[in-house]
Amino acid sequence: MGISSTCFIPLLFLSLIAGCAARPLYPLPSKLNIHKQPLQTSRPYNLAHRGSNGEFPEETAAAYMRAIEEGADFIETDILASKDGVLICHHDVFLDNTTNIADHKEFADRKRTYMVQGVNTTGFFVVDFTLEELKTLRAKQRYSFRDQQYNGKFPIITFEEYISIALDAQRVVGIYPEMKNPVFINQHVKWVDGKKFEDKFVDTLKKYGYKGAYMSKEWLKQPIFIQSFAPTSLVYISNKTDSPKIFLIDDVDILTEDTNQSYSEITSDAYLNYIKEYCVGIGPWKDTVVPVANNYSQTPTDLVARAHALDLQVHPYTYRNEHQFLHFNFLQDPYREYDYWINKIGVDGLFTDFPGSLHNYQELTSPVSKDNRASKLLHKIAVLISSNGKV
Amino acid sequence: MGISSTCFIPLLFLSLIAGCAARPLYPLPSKLDIHKQPLQTSRPYNLAHRGSNGEFPEETAAAYMRAIEEGADFIETDILASKDGVLICHHDVFLDDTTNIADHKEFADRKRTCMVQGVNTTGFFVVDFTLEELKTLRAKQRYSFRDQQYNGKFPIITFEEYISIALDAQRVVGIYPEMKNPVFINQHVKWADGKKFEDKFVDTLKKYGYKGAYMSKEWLKQPIFIQSFAPTSLVYISNKTDSPKIFLIDDVDILTEDTNQSYSEITSDPYLNYIKEYCVGIGPWKDTVVPVANNYSQMPTDLVARAHALDLQVHPYTYRNEHEFLHFNFLQDPYGEYDYWINKIGVDGLFTDFPGSLHNYQELTSPVSKDHRASKLLHKIAVLISSNGKV
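Chains as they are written, first to last, in numbering that gives the first Met the number 0: chain X, 0 to 390; chain P, 0 to 390.
There could be a bad hint or two in this list.
Stated by the list, open to error - The calculated label-pair distances, taken between Cβ atoms and stated as ranges, are:
id : chain 1 : residue 1 : chain 2 : residue 2 : range
1  : X       : G151      : P       : K35       : 56 to 66 angstroms
2  : X       : V251      : P       : K343      : 41 to 51 angstroms
3  : P       : K343      : X       : F144      : 21 to 31 angstroms
4  : P       : F144      : X       : V251      : 23 to 33 angstroms
5  : X       : F144      : P       : Q148      : 16 to 26 angstroms
6  : P       : N294      : X       : V367      : 31 to 41 angstroms
7  : P       : V367      : X       : P290      : 31 to 41 angstroms
8  : X       : E105      : P       : D286      : 40 to 50 angstroms
In short, the hints are calculated from the structure, not lab data.
Ideal Cβ placement from N, Cα and C applies to all residues, glycine included.
Using the sequences and the accompanying hints, generate a full structural model.
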């Protein structure tokens with residue numbers, strides 16, 4: 000007897016179930032009854048630069064999870080590509096300073112010299128390793144004066160793994176990925192479908208549902224800023240995604256990687272007027288916003304004022320706690336630096352290696368409250384009482 | 000005609016006036032209508048260790064004035080003596096690390112080797128220079144990673160100059176002088192009147208009106224703690240002054256300078272019971288209170304608990320902002336260190352090179368208020384509102 004019609008539908012049903020058994024038809028128990036604390040939008044953003052890399056090696060899962068634990072609003076990363084076109088999180092195009100590549104004798108013959116942004120650089124380049132090979136390496140702390148105890152413990156992670164960390168957090172955490180060295184990547188890595196690095200970047204974001212203009216409902220559910228030093232890459236993706244974009248600006252003597260433009264040109268009013276059609280803000284190197292002489296901050300430039308006049312946010316990089324990075328007028332005190340930049344200069348976000356310290360500072364001086372006005376009134380009353388009548 | 004009796008009294012009166020003309024018979028205009036803000040006593044003391052020497056060379060007038068400006072409760076100093084018996088403010092018995100003695104070729108032949116606390120030390124010793132000679136030197140910043148711009152600008156100051164700085168402040172500022180290396184000083188310096196270093200120390204305090212037990216009315220007008228590593232010196236002056244005394248405790252492998260006692264002996268319960276008859280507290284090296292391994296804080300010892308049980312205050316030294324001094328668990332954040340020591344360990348005062356940072360932290364987390372209870376209640380209400388019902 001063959002399969003009769005009376006058996007067909009049950010069999011079809013059974014095979015459907017069998018076919019679906021690998022995929023959950025129910026929400027994960029850990030995700031039931033979750034009301035995620037939303038992104039705070041009442042004070043400048045705490046941007047965990049490469050994760051909490053004051054403590055952990057940069058751009059590792061541990062660094063990102065720690066940053067989330069410490070209260071960062073966004074976790075920041077740099078996206079490059081492996082030899083086989085997988086998008087990975089890594090800042091340098093070479094592996095020498097942040098991984099134990101030197102201990103991997105099997106890769107000794109991969110050392111190369113490439114032109115990177117006009118500079119001949121020798122080392123082991125990410126574009127010469129497949130993802131599988133990169134995954135055998137282990138990250139190390141870049142700065143000798145930071146904790147070395149995690150060296151050799153954590154691997155390089157992919158763009159998708161990074162996104163998963165953000166999406167799995169118990170509160171809403173934004174991502175802040177950079178299209179890093181796109182000219183270099185497109186020179187060295189080719190994708191079979193003919194797509195470019197920027198296309199792959201946007202495809203990944205779409206796969207995980209990132210969309211929506213700044214402050215839209217969808218954006219608030221999955222906040223994101225896309226950043227790049229290369230204006231043409233930002234312009235290129237502008238009609239592929241409406242996610243907000245930030246134009247990064249390097250030091251005064253560096254030209255843009257793709258268009259060879261100078262600092263003075265890309266910070267001119269004319270250029271800012273142009274770029275604001277594509278970007279919601281700029282990310283400048285902080286020592287160009289407030290120049291430095293003899294390790295003392297000088298009079299600020301007008302860059303922030305001009306950007307703000309065009310409704311461009313300003314997210315300078317990078318704030319670090321160590322005295323090697325703090326200018327003397329901050330008296331070796333990172334909180335004084337935050338105070339200056341937030342209250343005197345008035346920036347909209349801060350890239351920091353120490354999101355815990357920044358969060359601590361912000362919680363002490365401008366705690367997020369559901370009812371901001373009542374809280375402010377109470378604070379005024381408290382000040383009144385404590386100063387015995389003097390407001 | 001001789002001086003008749005009718006002229007005598009006017010003449011006497013005139014000569015009195017003439018004799019007094021050099022001394023003001025009126026209060027200084029700057030001191031009229033001054034209500035000095037009193038010493039805060041509602042939170043642990045901010046003790047400016049050697050002045051604000053994170054910014055200025057240690058123990059200079061500038062360092063002390065800056066510390067007062069930054070909100071320190073007490074300015075701390077180390078008292079040594081010059082060759083001619085003048086009490087001066089200087090930490091090291093030798094001048095090499097903190098002055099430009101090396102540039103003074105006229106003193107080149109004064110280099111010597113002396114035994115200092117059991118260690119043969121070569122250098123230029125303060126006890127070989129008169130005050131006049133010391134005053135030709137200029138202070139320099141001890142740590143290379145701190146601001147060097149004030150090197151060569153400031154002289155060494157005397158005990159009396161230091162006291163004047165404290166008394167002249169616009170608010171009540173306490174002093175915290177140490178009888179430093181008293182065994183060494185008494186070996187090398189003799190006073191004509193047969194008095195010892197400790198006698199001269201107390202004489203100076205009396206000259207400026209320092210007296211009164213801890214928290215007495217006189218003490219609150221001119222707060223002071225006297226400190227020393229040498230218990231016999233503290234005991235010796237105990238019947239000469241009722242000003243509160245603090246017993247300093249060095250590292251676990253250092254013996255007391257005068258009695259050759261070990262750390263475990265002088266931190267034992269019997270010894271603390273003994274010393275509390277003479278002292279109101281102890282000043283331990285912080286890394287013995289909370290031991291350190293691999294640059295991570297370990298489990299605290301019970302020293303603070305045992306001291307507190309005997310009503311002894313604990314003022315550990317020394318809190319510094321730089322990562323060279325911050326243990327890794329504080330994540331390069333000096334405010335994290337303050338938080339731990341104030342809220343977890345519960346110390347009564349903190350010696351810091353950065354009184355400005357400590358003041359900032361304390362003002363943010365426990366502001367001094369005239370009406371402390373109302374302020375706390377308001378704060379609770381604010382927290383209630385901001386957390387939407389959750390206390």
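Quick rundown of the hints versus the structure:
no.	hint	result
1	X/G151 to P/K35: 56 to 66 angstroms	holds, 59 angstroms
2	X/V251 to P/K343: 41 to 51 angstroms	holds, 45 angstroms
3	P/K343 to X/F144: 21 to 31 angstroms	holds, 25 angstroms
4	P/F144 to X/V251: 23 to 33 angstroms	holds, 26 angstroms
5	X/F144 to P/Q148: 16 to 26 angstroms	holds, 23 angstroms
6	P/N294 to X/V367: 31 to 41 angstroms	holds, 33 angstroms
7	P/V367 to X/P290: 31 to 41 angstroms	holds, 37 angstroms
8	X/E105 to P/D286: 40 to 50 angstroms	holds, 44 angstroms
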